[in-house]
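Produce the entire structure from the sequences given, and follow the hints as far as they go.
For reference, the chains in residue letters:
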Amino acid sequence: MSTIYKFAEVELGDELPNETPDVSMAKVTSFCTSAKHLFERFTDHEAAKKEGFPGAIVPGIMSQGLLAAMIHKWAPGCNIMSIDTVFRGSLLVDSNITMTGAVTDTDDDEMTAELDLSIIAEDGRTGVIGTAKVQFLS
Amino acid sequence: MNQASSQQDMTSVRQDWVGVEFDWATFEMKTDEMIEWARACGETDARFLDPGHHDFQAHPGFTTHCMSGRVLPENFPKIGGGFGIDGGKRVEVHAPIRAGDVLTATTTIADIFDKTGRSGTMIFIVQRMEFRNAAGELVSTVDWKMIKKAE
Chain G
-15 MSTIYKFAEV ELGDELPNET PDVSMAKVTS FCTSAKHLFE RFTDHEAAKK EGFPGAIVPG
45 IMSQGLLAAM IHKWAPGCNI MSIDTVFRGS LLVDSNITMT GAVTDTDDDE MTAELDLSII
105 AEDGRTGVIG TAKVQFLS
Chain B
1255 MNQASSQQDM TSVRQDWVGV EFDWATFEMK TDEMIEWARA CGETDARFLD PGHHDFQAHP
1315 GFTTHCMSGR VLPENFPKIG GGFGIDGGKR VEVHAPIRAG DVLTATTTIA DIFDKTGRSG
1375 TMIFIVQRME FRNAAGELVS TVDWKMIKKA E
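Note that the protein sequences, when read in sequence, are chains G and B.
FYI, the numbering for the first sequence is -15 to 122, going by my numbering.
FYI, the numbering for the second sequence is 1255 to 1405, going by my numbering.
Hints listed in this document are in silico derivations from the structure and should not be mistaken for laboratory results.
We put the CB at the ideal spot given by N, CA and C, even for glycine.
Be careful, since some hints might not be right.
Claimed, not checked - Mimicking DSS-like on lysine-lysine, the simulated pairs with C-alpha atoms at most 27 Å apart in a straight line are:
hint, chain 1, residue 1, chain 2, residue 2
1, G, LYS11, G, LYS33
2, G, LYS11, G, LYS57
3, G, LYS117, B, LYS1403
4, B, LYS1332, B, LYS1369
5, G, LYS(-10), G, LYS57
6, B, LYS1402, G, LYS34
7, B, LYS1284, G, LYS33
8, B, LYS1403, B, LYS1332
9, G, LYS20, G, LYS57
10, B, LYS1369, B, LYS1402
11, B, LYS1284, B, LYS1332
12, G, LYS(-10), G, LYS11
13, G, LYS33, B, LYS1403
14, G, LYS20, B, LYS1369
15, G, LYS34, G, LYS117
16, B, LYS1402, B, LYS1332
17, G, LYS33, B, LYS1402
18, B, LYS1403, G, LYS34
19, G, LYS117, G, LYS57
20, B, LYS1402, G, LYS57
21, G, LYS20, G, LYS33
22, B, LYS1284, G, LYS11
23, G, LYS34, G, LYS57
To be verified - Sample of chain G residues with no beta-carbon within 10 Å of chain B, all distances over it, derived:
hint, residue
24, ASN2
25, PRO5
26, GLY36
27, ASP68
Shown next, in the form of structure tokens:
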């Protein structure tokens, strides 16, 4: 099932629909403005290269925000109780990245689900792994 | 430094510093920044995009951008090399953060530990920021893992 509206629709092992979020320079710069994280390694490819990166990189906290948005798209109205991300490698601005997720546990009494999350870089490396716990209201 | 004395040092650093509160700051939650953050993340839920929504609130990880002035406590011992890299963040959402909220954040050292793998021993320093609203309600906890290579 691609979109979940009620806890009863959640099944252990369900996969969230893969997402390819927009990490264009315009989007990342907009994020950095809202976060007051206007560092050149995020917003300027050439400056990032001078710091030793292959190009400008997506801020770690933005990658967590992208995953949160994916969860809300999968289950509109759910509440994210916690989200934990580990930054394993850089994700490049203006590249194609893919987000994945899967349900790894559910609690019928609390109407919660636990999710495994990841973001794969364009070259196939895993850039971010994580988990989240979400609660449904009905 | 041999492994035994290194282990002893880590134990002593843990005993002395885990739980120490070392920074305090306030942050105003601004509507336009909350919306721009959510929009840049590709959010589609009106709760995070529409200030007219009855449940308008900050995106779950919005507090992760709130940096206090100090990364480590004053006089914190030099462990590991370099400034450290950002190993990731864990956010716990306790209650919605509303536009205009002024949050008070306290920062503590939540944990210090090491792990040894193929690339050697890495030291993890977990910095915890707890955010409370004007009513004193805990709304968000952010754990930030700083990773340093053991020297």
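Within 27 Å, alpha carbon to alpha carbon, are LYS11 of chain G and LYS57 of chain G? holds (18 Å)
Is it true that the CA of LYS117 of chain G sits at most 27 Å from the CA of LYS57 of chain G? holds (15 Å)
Can you confirm whether the C-alpha distance between LYS1402 of chain B and LYS34 of chain G stays at or below 27 Å? At roughly 22 Å apart (the allowed maximum being 27 Å), LYS34 of chain G and LYS1402 of chain B satisfy the hint.
Straight-line alpha-carbon gap LYS(-10) of chain G to LYS11 of chain G, limit 27 Å: At roughly 31 Å apart (the allowed maximum being 27 Å), LYS11 of chain G and LYS(-10) of chain G break the hint.
Within 27 Å, alpha carbon to alpha carbon, are LYS(-10) of chain G and LYS57 of chain G? holds (13 Å)
Between the alpha carbons of LYS1284 of chain B and LYS1332 of chain B, is the straight-line distance 27 Å or under? violated (37 Å)
Looking at GLY36 of chain G again, its CB stays over 10 Å from all of chain B? holds (12 Å)
Please work out if LYS33 of chain G and LYS1402 of chain B have their alpha carbons no farther apart than 27 Å. holds (23 Å)
Between LYS1403 of chain B and LYS34 of chain G, is the straight-line Cα distance small enough, at 27 Å or below? holds (23 Å)
Test the statement that ASN2 of chain G is away from the interface with chain B: the closest C-beta pair must be farther apart than 10 Å. Given that every Cβ of chain B is farther than 10 Å from that of ASN2 of chain G, nearest at about 13 Å, it holds.
The output says ASP68 of chain G does not contact chain B. Does that hold with a beta carbon cutoff of 10 Å? violated (4 Å)
Hint consistency between LYS20 of chain G and LYS57 of chain G [alpha-carbon to alpha-carbon, up to 27 Å]: holds (26 Å)
In summary, the structure is inconsistent with hints 3, 7, 11, 12, 14, 15, 20, 23, 25, 27 from the numbered list given earlier, while agreeing with the others.
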